[in-house]
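Student: Based on the hints, put chains B and C in the right spot on chain A.
Protein chains in written order, with our numbering: chain A, 1 to 217; chain B, 218 to 444; chain C, 445 to 687.
Hints were generated in silico from the structure; no laboratory data involved. These numbers come from a predicted model, not from an experiment. Watch out, some of these pointers could steer you wrong.
As the list claims (entries may be wrong) - These stretches of chain B come out as covered by chain A in the derived footprint (C-beta under 8 angstroms, 3 or more residues):
| no. | stretch |
| --- | --- |
| 1 | 373 to 382 |
| 2 | 390 to 400 |
| 3 | 418 to 430 |
What the hints assert, rightly or not - Which residues of chain C face chain B? A partial, calculated answer using Cβ under 8 angstroms:
| no. | residue |
| --- | --- |
| 4 | Ala501 |
| 5 | Ala522 |
| 6 | Leu530 |
| 7 | Leu537 |
| 8 | Tyr538 |
| 9 | Ala540 |
| 10 | Glu545 |
| 11 | Arg552 |
| 12 | Leu553 |
| 13 | Tyr554 |
Said to hold, decoys possible - Computed far set for chain B versus chain C, every beta-carbon distance over 12 angstroms:
| no. | residue |
| --- | --- |
| 14 | Phe250 |
| 15 | Arg264 |
| 16 | Ser269 |
| 17 | Gly270 |
| 18 | Leu287 |
| 19 | Leu321 |
| 20 | Gly329 |
| 21 | Pro336 |
| 22 | Phe339 |
| 23 | Ile348 |
| 24 | Leu351 |
| 25 | Pro386 |
| 26 | Thr435 |
| 27 | Phe436 |
A virtual CB, placed ideally from N, CA and C, is assigned to each residue, including glycine.
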Amino acid sequence: MSRLSLVAAVAMCATYIRVFFFTPIDRFQGAAQKIFYIHAPAAWVAFLAFFLVAIASGMYLWLRDERLDRFAESSAESGVIFTTVVLITGPIWGRPVWGTWWEWEMRLTLTLVLWFVYLAYLVLRSVVDDVQMRARYSAVLGMLGALLIPFIHLSVYLFRTQHPLPVVMKTSRPSMPNDMLLTLAIGFFATTILYAAFTRTRYRIATVRDAQLGDDA
Amino acid sequence: MPPDFFAAALIVARKDLAIEFRTRSAYFSALVFALLAIVVFYFAWDRTAVGSGDLAPGVIWVIFVFGGLLGLHRSFGVEMHDRALDALLAAPVPRESLFVGKALANLVFVLGVQVIAIPAVFVLYKVPLGIEILYVIGLAVLAAIGFVAVGTLFSSMASNTRLAELLLPLLTLPFFIPVVVAAASSSQRVIAGRPLAESMAWLQLLVAFDIVFVYACTFAFPYTLEE
Amino acid sequence: MTRSDASAPEVEVSALARHFGRRRALAGVSFTLRAGDALALFGPNGAGKTTLLRLLAGLLKPTSGTARIEGELLPGTATTRSRVGLISHHSLLYGALTAAENVAFSARLYGVADPEQAALRALDRLGVADRAATPVRLLSRGLLQRVSAARALVHGPRVLLADEPYTGLDAAGAAALTSVLQELLAGGTTLILVTHQLDEGLALATQAAILLRGQVVRHDHTAIADPAAYTAAYRALVRADAA
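Only chain A is shown next, with the shape it has when bound in the complex:
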C-alpha cells in the first residue's frame, strides 16, 4: 500500500470516529443526519472527479499524451464509485428527513444523470479495441458530459419550479454548530485524499496494463 493510500485510510477512519463519537446529534434530524458527513464530501469529490475528467479529456485531444487519457480513465472510475456512494447515502438520509427515499431534487438528479454518463464512459472504454481510438472517443464523451451539466441543472430547476413537490421538512441549514462544521471539513479533506489515492492506484494499474499490451504486440 502506498503512503498516499495509508494517509487516506487513516483520514477516513479519523472521520468516522469523529462522526460517531465526537459530533453532536442533530436536534431535528436525529442520528440520520450523520450520514451527511459522508454524503456531502462524496458529492464534492464526484463532481471534482468528473471535472478533472473533462479537463484531462480536453488536454488529451490537444496534446495527445496517453498519460492524460490514463488519468481521465482513472478519475472517471473513482468518480463513478463516489457517485454511487452519493446515490446510496442520499436516499438513506432522505428517508427520515424528507419522508421519502427519493426526491427529484436538483443535486440528486444531477448526480444520477452523471452516474449514467460516466457508466456509459466506462462501457465505451471497454468496447473499443484500438488504444488511440479509445482515448479519443472517451475524451469526446468526457468533454460533452461536462457540457451537459448546466442543461440538466437548468431543466431540473425549471421542472421543480413548475411542479412544486410536497416538502416534509425544510432541509436548509443556515448555520451549523462549529463541532459539526469541523467534522464536515475533516470529511471533505479525508474524502479528497481518498479520491487521490484511488485515482493514483488506478492510474498505476493502467500504466502496467498498457505496458503489458505493448509487450504482447
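Tutor: Chains B and C alone, transformed into the frame defined by chain A:
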C-alpha cells in the same frame, strides 16, 4: 473545384436520403414502431386515473426518442458496410461538412416520423385538434436539432465498437434528458391550454441546447474518425 | 511545386512510419515516384501495404516521417485529397444505390462538372455501362470491383492508389482494368498498385518493391524483365521471413 462546406453537406444528406428512400426499411420500421408504441402506451395506463389527453405529451416524447434512435443506428451502418466511409473521408471535403450532411439526413428522418406520429397521438388520445398541434410539431423541430447532433456523433462512435446497437442508447439517452424534459413540459402546458409565455424558459433551454451541441458535436466529429 | 514541372516528384515518401498502439505497421519507408511511374508493391498479409495506401489517401496520419503528393505534405488539405484516387479491397460503394448513382455521388464530392455524364463515361471506360442502373448490391464481385474502379477514376486523379484491384475480377475484367490503367499511365497518372498477383502487378510496373514487416526489403527502380525470377526471389524472401 470541390464543393464548399454546405454544398458538400447537402450532397451527403441527399445521398443518405436516396439510400433511405430506396430501401425505406428504417423509415417504415421507425414509423410502425411509433404507431405500435402509441397503442401499447394507451393500454398501459389506467385512463380513469389519468386522462388520455394528459398522457399524450409524454407518449409523444418517448416515441420521439426511441423512434429517432432507430434512424440513428442506420446512419453510420450504411457507411461501415463496404467501408464507404473511407471514400467519404478521402474525398476533398472537410470532415465537419460530412457530419453536417449526415445530421441533416437524420433530421429529415426524425421529423418524417414525427410528422405522422404526433397527429396520430392527437387523434388516438382524443386531444382536441387545434393550433396546439402546430406548436408541438414546432417543438419537435427544435428538439430534433439537438437530438440529431448528439445522436449522429455517437452513432459514428458506436459504429466502430463491438457493441454498436446496444451502446448508442446508453451513450445518448442521458443527453436527451434535458431535451425531453423541456419538450414534454412545454407541450403539456400548451395542450392544457396554458398561455405560451409560460413555456418561454423551456424554449430558450431547447434553443441553447441546439446551439451548444450542434457546434460541439460538429467540432468533435473528426476526433471520432480513424486518424 | 507546380504540375508543369515534369521532373518534380508526384509522390515523395520519406522515412514514413505508422504505429497502432505499440504495433509498428509501417516502420520507415521511403520512395519517390514521378508522373507516369507505376510502383507495384508486394508483401504478405500484415506487411503494411494497406497502411501505406491509407496514409497516402489521407485516411491516416503518420506517426513519423513524411509523405508528399505533388509537393504537399500529407494528410494535407482538401485540394491534396482531390488529386488522389483510391481503390480499396472493399468496394467503398453503397449497396442500395445504383452503379451510376454511386459514381455520380463521388463525382459530386470532387466537384466534377456534370456528374451524371462523368459517371456514365467512367462506367463505360471499365465496360460496365450496361449495369449503370443496377443497384450495386446485386452485382457480382467482379462487376462490383469494376464499378469501384470507376468510382476511383471519375474525378481524374493524378495519383491512383489501388489496393488489390484485381480481386474477384474474371479474365475480361482484369483485361479491362489493365488497359484502363495503361491508358492512365500513358497520360501521366502515377500508380501505386498493391497486389498478391505478381504477374498482373509486374505487367504494369515501372518499379517494384517488396514490403516485409513494415519495411521495404527490396526495391527495383526499373521494370522487371524476368517476372519468373522475381516471383521466385519474392517467395524466398517471404519464406525466409516467416521462418
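Student: All hints, please: hold or fail.
Tutor: Hint check:
| no. | hint | verdict |
| --- | --- | --- |
| 1 | 373 to 382 | holds (count 5) |
| 2 | 390 to 400 | holds (count 7) |
| 3 | 418 to 430 | holds (count 7) |
| 4 | Ala501 | holds, 5 angstroms |
| 5 | Ala522 | holds, 4 angstroms |
| 6 | Leu530 | holds, 5 angstroms |
| 7 | Leu537 | holds, 6 angstroms |
| 8 | Tyr538 | holds, 6 angstroms |
| 9 | Ala540 | holds, 5 angstroms |
| 10 | Glu545 | holds, 7 angstroms |
| 11 | Arg552 | holds, 5 angstroms |
| 12 | Leu553 | holds, 4 angstroms |
| 13 | Tyr554 | holds, 6 angstroms |
| 14 | Phe250 | holds, 21 angstroms |
| 15 | Arg264 | holds, 43 angstroms |
| 16 | Ser269 | holds, 40 angstroms |
| 17 | Gly270 | holds, 41 angstroms |
| 18 | Leu287 | holds, 17 angstroms |
| 19 | Leu321 | holds, 15 angstroms |
| 20 | Gly329 | holds, 17 angstroms |
| 21 | Pro336 | holds, 29 angstroms |
| 22 | Phe339 | holds, 34 angstroms |
| 23 | Ile348 | holds, 40 angstroms |
| 24 | Leu351 | holds, 34 angstroms |
| 25 | Pro386 | holds, 25 angstroms |
| 26 | Thr435 | holds, 17 angstroms |
| 27 | Phe436 | holds, 17 angstroms |
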